[in-house]
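These are the residues of each chain, in order.
2 protein chains.
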Amino acid sequence: MSASKTDHLSRLCIHTITTKPWDIEEAAREYSRSGVAGISVWREALEGRNVRQTGQMLRDAGLTVVSCVRGGFFPAAAKNDRRAAIDDNLKLIDEAAELGAPLLVLVCGAVPGLALNESRKQIKDGIAAILPHAEACGIKLGIEPLHPMYADSRSAINTLKQANDMVAELASDHIGVVHDVYHLWWDPDLKSETLRCGEGGNLLAFHVCDWKTPTEDLLLDRGLMGEGCINIKQIRNWVESTGYNGFIEVEIFSSKYWAMDQNEFLTMIIEAYLSHV
Amino acid sequence: MSASKTDHLSRLCIHTITTKPWDIEEAAREYSRSGVAGISVWREALEGRNVRQTGQMLRDAGLTVVSCVRGGFFPAAAKNDRRAAIDDNLKLIDEAAELGAPLLVLVCGAVPGLALNESRKQIKDGIAAILPHAEACGIKLGIEPLHPMYADSRSAINTLKQANDMVAELASDHIGVVHDVYHLWWDPDLKSETLRCGEGGNLLAFHVCDWKTPTEDLLLDRGLMGEGCINIKQIRNWVESTGYNGFIEVEIFSSKYWAMDQNEFLTMIIEAYLSHV
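Heads up: the sequence lines are chains Z and D, in that order. This note's numbering numbers the first residue of the first sequence as 1 and each following residue consecutively. This note's numbering numbers the first residue of the second sequence as 1 and each following residue consecutively.
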């Protein structure tokens, strides 16, 4: 997954959700024209499209398809719903393969009122159930630990240590971790667990954005790199000290930025990437 | 700090901020009339009042003064500001003593852009600087770990483990931990660190409320117990398995509840306490 371009943007990847107002065709054109090297594709961006052709369209635009986002959401109170989640993830693995993405990002899931320990067990069982298909398709699965403020309904995996532990238990070269500064920056064990993750060869992706003060919305107020308090350069340094040389992915959910002209926003992303990452 | 009343509300304490629209005199009257046994006093509620007389007023109303909230906020980029924070905390210790509160709750502080490790060092130095005065005044200091979503500007101490570690380093019988389910419920180490805290005699206070799904504001959308996803009974069970028999304190910041009739809200608090704690 090392970047092929050699210029200053050769490791920059952008998630389609970051420029949500653009459809994937426009995103591909504009990323490519701006010199962005990689694209991570949100499932919603593929709706109504032939996935294989869309993957080809992205490669024809000169982009590397970095990951498919996002599977997971394994826990559920009812067994049928857990089975449905597994089926959905199996389809997503196929979709990632058709798209030509080497990685499926997993937001593991949580259900309000379901005990966290039970959710964690169901997550592990869910991943174990889809892992053989991922191996067969050559798709890696990336557990993305989410910020503890999402422990109610999005993920019961909230620290890098939990993700590293789960990867160790699942023991496959097709399972690893997605490291996102937004979710992890506060963690007192971030350095040691980042080294553990990377040195173990399990750091599959690196996501950046920033934490704004104040943060006005739990979901849709992420900051552009440099706009907040995360020491992204230091975290990148830890990540790369382990040998990681893959893409650096900008993933920003922001009502504010989605309301802007997306070409102006793309220019800002590139400037922020060059100055603050 | 064990409760003196023997009825079903004998361990219920409410923070003045929970019923923010009431001044402390009205809060004291209404808590007392409803059978609430304890009150934790926010600094703002004392503004313009004689602190000693206010403490007496609370005791005359039959209330136990459980804690004074809140000191801390030690980290700062400039040395002068750190010195000012220490001076402010020394005054707060005096205030707690005048009020007759045995405990000063510390929200330790964080500054956007100041490295978390540096903030943590400054927090420890700050507490060490005020600890002798707390000991001399017979006031305990309680480190309250705050949810990681407050790591930017409110506290760089975001897990119970961090608080326990800091208490161990400071090594005084006048320093301990304030355990709040809202901040800690998501933590995979919550059980073991709760036992460590309580069995070491360091669990000084226990705060309850609930985490709503969705949570619409990072600060002012806490839920009433039973309204969210926190398994409060289980956490209480862990807390009490260590021998803790002090007050159970309701601390809710909520624009929604502050907009209600506060007598109705107080009735709801008591019902929620009896049903869901």
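Simulated from the structure, these hints should not be mistaken for laboratory data. Beta carbons are placed, not taken as given, at the ideal position from N, Cα and C, and that holds for glycine. Just to be clear, a hint being listed does not mean it is correct.
Incomplete in silico selection of chain D near chain Z, CB under 7 Å [to be verified]:
#1 W42
#2 M149
#3 N158
#4 Q162
#5 C229
#6 N263
#7 T267
Hint-by-hint comparison with the structure:
This hint is violated: D/W42 has a C-beta 21 Å from the nearest C-beta of chain Z, more than the 7 Å allowed. Hint status for D/M149 relative to chain Z: holds, with the closest Cβ pair at about 4 Å, below 7 Å. With a least beta-carbon distance of about 6 Å to chain Z, the hint placing D/N158 at the interface is held under the 7 Å criterion. This hint holds: D/Q162 has a C-beta 6 Å from the nearest C-beta of chain Z, less than the 7 Å allowed.
At about 4 Å, the closest approach between the beta carbon of D/C229 and any beta carbon in chain Z falls short of 7 Å, and the interface hint on this residue holds. The interface hint given for D/N263 is broken, as the beta carbon of that residue sits about 30 Å from the closest beta carbon of chain Z, more than 7 Å. A distance limit of 7 Å between C-beta atoms decides the matter here; for D/T267 the minimum to chain Z is near 25 Å, and the interface restraint is violated.
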